[in-house]
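Using the sequences provided together with the hints, build the complete structure.
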Amino acid sequence: MKIKRMLGSATGMVLGLATNLAHAAYELNLQSPETPIAGQIYHLHTLIMYVILAIFVVVFGAMFYSIYAHRKSKGHQAAHFHENTTVEVIWTIIPFFILIGMAFPATKTVLAMKDTASPDMTIKVTGYQWKWEYDYLQQGIHFFSNLSTPRDEIDNKATKDAHYLLEVDHPLVVPIGKKIRMLVTADDVIHSWSVPAFGVKQDAIPGFIRDTWFKVDKPGIYRGQCSELCGKDHGFMPVVVEAKTPEDYAKWLADQKAKMAAVVEDPNKVYTLDEMKSKGEKVYTTHCAACHQASGMGIPGAFPALNGSKIATGDKAAHIDRVMNGKPGTAMAAFAAQLSDTEIAAVVTYERNAWNNHTGDVIQPSEIKALRK
Amino acid sequence: MDATHAHDHGHDHHPSGLMRWIKTTNHKDIGTLYLWFALIMFFVAGSMAMMIRAELFEPGMQFMHPEFFNQLTTMHGLIMIFGVIMPAFTGFANWQVPLMIGAPDMAFPRMNNWSFWLLPVAAIFLIGEFFLPGGAVAGGWTMYPPLFIQGGMSYDLNIFAVHIMGASSIMGSINIITTILNMRAPGMTMMKMPMFVWTWLITAYLLIATMPVLAGAVTMLLTDRHFGTHFFNAAGGGDPVMFQHIFWFFGHPEVYILILPAFGIISQIIPTFARKPLFGYASMVYATGSIAILSFIVWGHHMFTVGMPAAGQLFFMYSTMLIAVPTGVKVFNWVATMWKGSMTFETPMLFAVAFVCLFTMGGFSGLVLAITPVDIQLQDTYYVVAHFHYVLVSGALFSIFAGAYYWLPKWTGHMYDEKLGKLHFWLSVISMNILFFPMHFLGLAGMPRRIPDYALQFTQFNQIASIGGFIFGASQLIFLIVVLKAVRGGAKATDKVWEGAEGLEWTLPSPAPYHTFETAPMVK
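Read top to bottom, the protein sequences are chains A and B. So for the first sequence, the UniProt record's numbering puts the first residue at 1; every next one is plus one. So for the second sequence, the UniProt record's numbering puts the first residue at 1; every next one is plus one.
Note that these hints are calculated values from the structure, not bench results. Since the model is a prediction, treat every value here as computed from it, not as a measurement. Treat each hint with caution, since some may be false.
Claimed, not checked - The calculated lysine-lysine pairs, modelled on DSS-like cross-linking and capped at a C-alpha distance of 27 Å, are:
id, chain 1, residue 1, chain 2, residue 2
1, A, Lys244, A, Lys124
2, A, Lys310, A, Lys277
3, A, Lys124, A, Lys72
4, A, Lys72, B, Lys340
5, B, Lys192, B, Lys492
6, B, Lys23, A, Lys72
7, A, Lys244, A, Lys279
8, A, Lys218, A, Lys310
9, B, Lys422, A, Lys215
10, B, Lys422, B, Lys492
11, A, Lys72, B, Lys492
12, B, Lys192, A, Lys74
13, A, Lys218, A, Lys257
14, A, Lys218, A, Lys178
15, A, Lys72, B, Lys496
16, A, Lys279, A, Lys316
17, A, Lys259, A, Lys277
18, A, Lys369, A, Lys277
19, B, Lys340, A, Lys74
20, B, Lys422, A, Lys72
21, A, Lys179, B, Lys496
22, A, Lys327, A, Lys279
Claimed, not checked - Ranges between beta-carbon positions, derived for each pair:
id, chain 1, residue 1, chain 2, residue 2, range
23, A, Val264, B, Ala310, 41 to 47 Å
24, A, Lys178, B, Thr219, 45 to 51 Å
25, A, Gly220, B, Ile297, 37 to 43 Å
26, B, Gly489, A, Asp161, 22 to 28 Å
27, A, Gly177, B, Pro133, 49 to 55 Å
28, B, Leu477, A, Asn156, 29 to 35 Å
What the hints assert, rightly or not - Computed list of chain B residues with no C-beta within reach of chain A, every gap over 10 Å:
id, residue
29, Phe108
30, Pro133
31, Asn433
Virtual Cβ for every residue (Gly too), placed ideally from N, Cα, C.
Now the structure itself:
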């Protein structure tokens, strides 16, 4: 059975390749640069490629000529020369000067990339396993950015969208023509915030804030991916940046502020079990299901099941504590700072009443609020 | 003493069967053990690479879960480095260093035995990780915290395995250094030593200098995991990036540990088949030394994206570019050695020429990556994967093939099957390029490394790479056949084996007797 399936997929592979080769777009170079820095990087790379091409022609030319001409089968007699100080000094000095020629423009770009001074606006980005959070420090808005590719596409049960794995629910939105300074950090493990078209890649290091910057001139959607191995779903946390004209950006900003005002929750409101469960399911899907799975069964050996678990069916306080404060030394993050009182209350309620868990407990936002102090 | 004993040597009562290999203190036996160990591990880690390429053949998750994919990439890297390339080179050193310097054995034969037998233990630990709850280590062979701190019990086993392999390497290195410095035949001055011996001497010093650093780094991981320290935890006053500094202070010299012995092997083979002495022996020695020294001050180029200050980025960029100078000297020397020679192209020479060409390609992409701004664009993309596979597969691995074909007749007494050897070469060199060359384009286009699934625009090159990978993997079975055939029989090898071969090992009979140079030869 297994062999048959493997043969089947092997045939599929070959057929797939044939069709793909027929209409393939082979990208051979860096993505087209959309910021001045990315442009400089692009030109640096091109410059080095010319240097390499020249060295390639000289070295490989000499070698292949020698392989062609100086072979025993052609009756070539071996010469016996060796050691020539002049030649050896020359081939040490020349590369040295070539390197200086390359280092000069590279140094200028390094300094330009590092110059994060006097930005027009500052946005903080925080990496989590496995999503990004954007915090507009001056505008007072923040949101999470999750992969929006449906699970079925990943599992090959649905046709893949053009932006498969490079699409998110809430992209970072920035105005064009402004110098944007990104403060980059992480909550759990090291991630890396990267947008190739901007020439930006900055590791997000938990406990430290690093910065980088970009200024994009063309409205559009730019896509990148997390570029530092951060665990199971490292390949599933893309970066999407939407650059808008100042007018569109202002409109988007006003929209966001209105939305945030609309969803401000009253932490003293009392909810019913069903209300909390349905709220909690949404929170669970976004923040918990990557590890504990939608089925609540976890991944044996790696991520514990919640269905029927001691914590999710036992003491309520211990359950809330685990969600708020995490479990140090494991992938279980502390969600106290990520989620609101209502969200924490909802997700704990959901976990205690979903699947085969039937504790009947309803946790109210006020309980969480009391714990925060 | 009876008559049969009289012509035996007093210490020659080695047991037969399994105990011969377990208790052996003979450098040839131990060399053989190292080489077989490396070959077996090569197929183990290679089959992991096959699974990786199968999963990456198409977008979407086909055969495995992402966490298993991460385990495969991690263990593929760890085993290929610590279980294949390093033991293979140590195997070469065990066989060849005493033969090339005219010594009867290694300086510390019993320690030699122990250095080897630690390795299977470490290998069992590494492979055994797959059967622990949670599976094997999945945080990358670089073991970066805090991700590494999150893992389960296999992570502790991994730390233990790294310690054992480190101890093995350090003991092996002490042995090699002592042998080379003290046991050379009369007349063999340092500057008369074969290049292979020189490169291993320098490599052994690199190992002794850096393995304890790695041991320290993983021990700090262990105490962070279990004993309440916070070396790498910012919340406790530590710094996750400090691990990277310590790791790459080991890691970059490690890169040269994996390539300097390769330089040595190639520097033996090219003169033999060009029938012409190495062009610049002295400058080759100095270049090797310079590379080794420079390797200690370039570690930061693995970390250009962590956010170090501009001064740091510039320092590491300049020092990294500087390495191109001695590396260039080496390549120019090999080409100058071939120039106006009288070349023939038996399998060892084919692999050596491919080494020079393709290692240089890896050097070129290294030059691209040395430029900090370009590196930031390409860091953690497939460009880096392409780069280090060009230097480690067509570099280190091809030199191991070249050396194996070169010395196999001396070791077994039989010529290997030249037709099969050439077939192995051509299939390997072509499929290797189909496998790794497209990865440059994937990296330039922005495909991150260590991802189990990818966006649609990366599909075509991934499929080409996978097909190359499958051909490359299958081709290596030919090598196994060639080795087995040569061990079991074949045309009798002459003492000199190769027309242009020079050096003490070629003055011995083929196969080299169990004990050699019991009276030291004189070197003019």
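Going through the hints against the structure:
Taking the CA atoms of Lys244(A) and Lys124(A), the gap is about 19 Å. The hint holds against a cut of 27 Å. Pair hint Lys310(A) plus Lys277(A) holds up; C-alpha atoms about 20 Å apart against a cutoff of 27 Å. The suggested pairing of Lys124(A) with Lys72(A) is violated, with an alpha-carbon distance near 67 Å, which exceeds 27 Å. Only pairs whose Cα atoms come within 27 Å are accepted, and Lys72(A) paired with Lys340(B) is accepted, the gap being roughly 10 Å.
Taking the CA atoms of Lys192(B) and Lys492(B), the gap is about 30 Å. The hint is violated against a cut of 27 Å. Distance restraint check for Lys23(B) and Lys72(A): the Cα-Cα separation of roughly 46 Å exceeds the 27 Å cut-off, and the hinted pair is therefore not satisfied. Between Lys244(A) and Lys279(A) the CA atoms are separated by roughly 32 Å; this puts the pair beyond 27 Å, and the hint is violated. Between Lys218(A) and Lys310(A), the direct Cα distance comes to roughly 53 Å. Violation of the 27 Å bound is thereby established for this hinted pair.
For the given pair, Lys422(B) sits about 55 Å from Lys215(A) by alpha-carbon distance, which is inconsistent with the 27 Å threshold. Taking the CA atoms of Lys422(B) and Lys492(B), the gap is near 19 Å; set against the 27 Å cutoff, the hint holds. At roughly 24 Å between alpha-carbon atoms, Lys72(A) and Lys492(B) fall within 27 Å of each other, so this suggested pair holds. Taking the CA atoms of Lys192(B) and Lys74(A), the gap is near 32 Å; set against the 27 Å cutoff, the hint is violated.
With a C-alpha separation of about 25 Å, the suggested pair Lys218(A) and Lys257(A) falls inside the 27 Å cut-off, and the hint holds. For the suggested pair Lys218(A) and Lys178(A), the alpha carbons sit about 11 Å apart, so the restraint of at most 27 Å is met. At most 27 Å may separate the alpha-carbon atoms for a hinted pair to count; Lys72(A) and Lys496(B) meet this at roughly 18 Å. Annotation: proposed proximity of Lys279(A) to Lys316(A) holds, straight-line Cα distance about 18 Å (limit 27 Å).
Of the supplied pair hints, the one linking Lys259(A) and Lys277(A) holds, its CA atoms being roughly 23 Å apart against a limit of 27 Å. This hinted pair checks out: Lys369(A) and Lys277(A) have alpha carbons roughly 19 Å apart, not beyond 27 Å. Our distance criterion of 27 Å between C-alpha atoms is met by Lys340(B) and Lys74(A), whose separation comes to about 12 Å. For the proposed pair Lys422(B) and Lys72(A), the alpha carbon gap of about 18 Å is at most 27 Å, so the pair holds.
A C-alpha spacing of about 70 Å is found between Lys179(A) and Lys496(B), which places the hinted pair above 27 Å, so the restraint is violated. Annotation: proposed proximity of Lys327(A) to Lys279(A) holds, straight-line Cα distance about 24 Å (limit 27 Å). Our hint of 41 to 47 Å for Val264(A) and Ala310(B) holds, since their Cβ atoms are close to 43 Å apart. Taking 45 to 51 Å as the suggested C-beta distance range, the pair Lys178(A) and Thr219(B) conforms, at roughly 48 Å.
For Gly220(A) paired with Ile297(B), a C-beta distance near 42 Å keeps the hint of 37 to 43 Å intact. In this structure, Gly489(B) and Asp161(A) break the distance hint of 22 to 28 Å, their C-beta atoms being roughly 60 Å apart. Distance hint check for Gly177(A) and Pro133(B): the Cβ-Cβ separation is about 54 Å, which falls inside the suggested range of 49 to 55 Å. One distance hint, 29 to 35 Å for the beta-carbon pair Leu477(B) and Asn156(A), holds here, with the actual separation near 31 Å.
Non-interface call for Phe108(B) relative to chain A: holds, since the shortest CB-CB distance, roughly 36 Å, exceeds 10 Å. Not every C-beta of chain A lies more than 10 Å from that of Pro133(B), the closest at about 4 Å, which undercuts listing it as non-interface. For Asn433(B), the non-interface assignment is confirmed: its Cβ lies about 14 Å from the closest Cβ of chain A, beyond the 10 Å cut-off.
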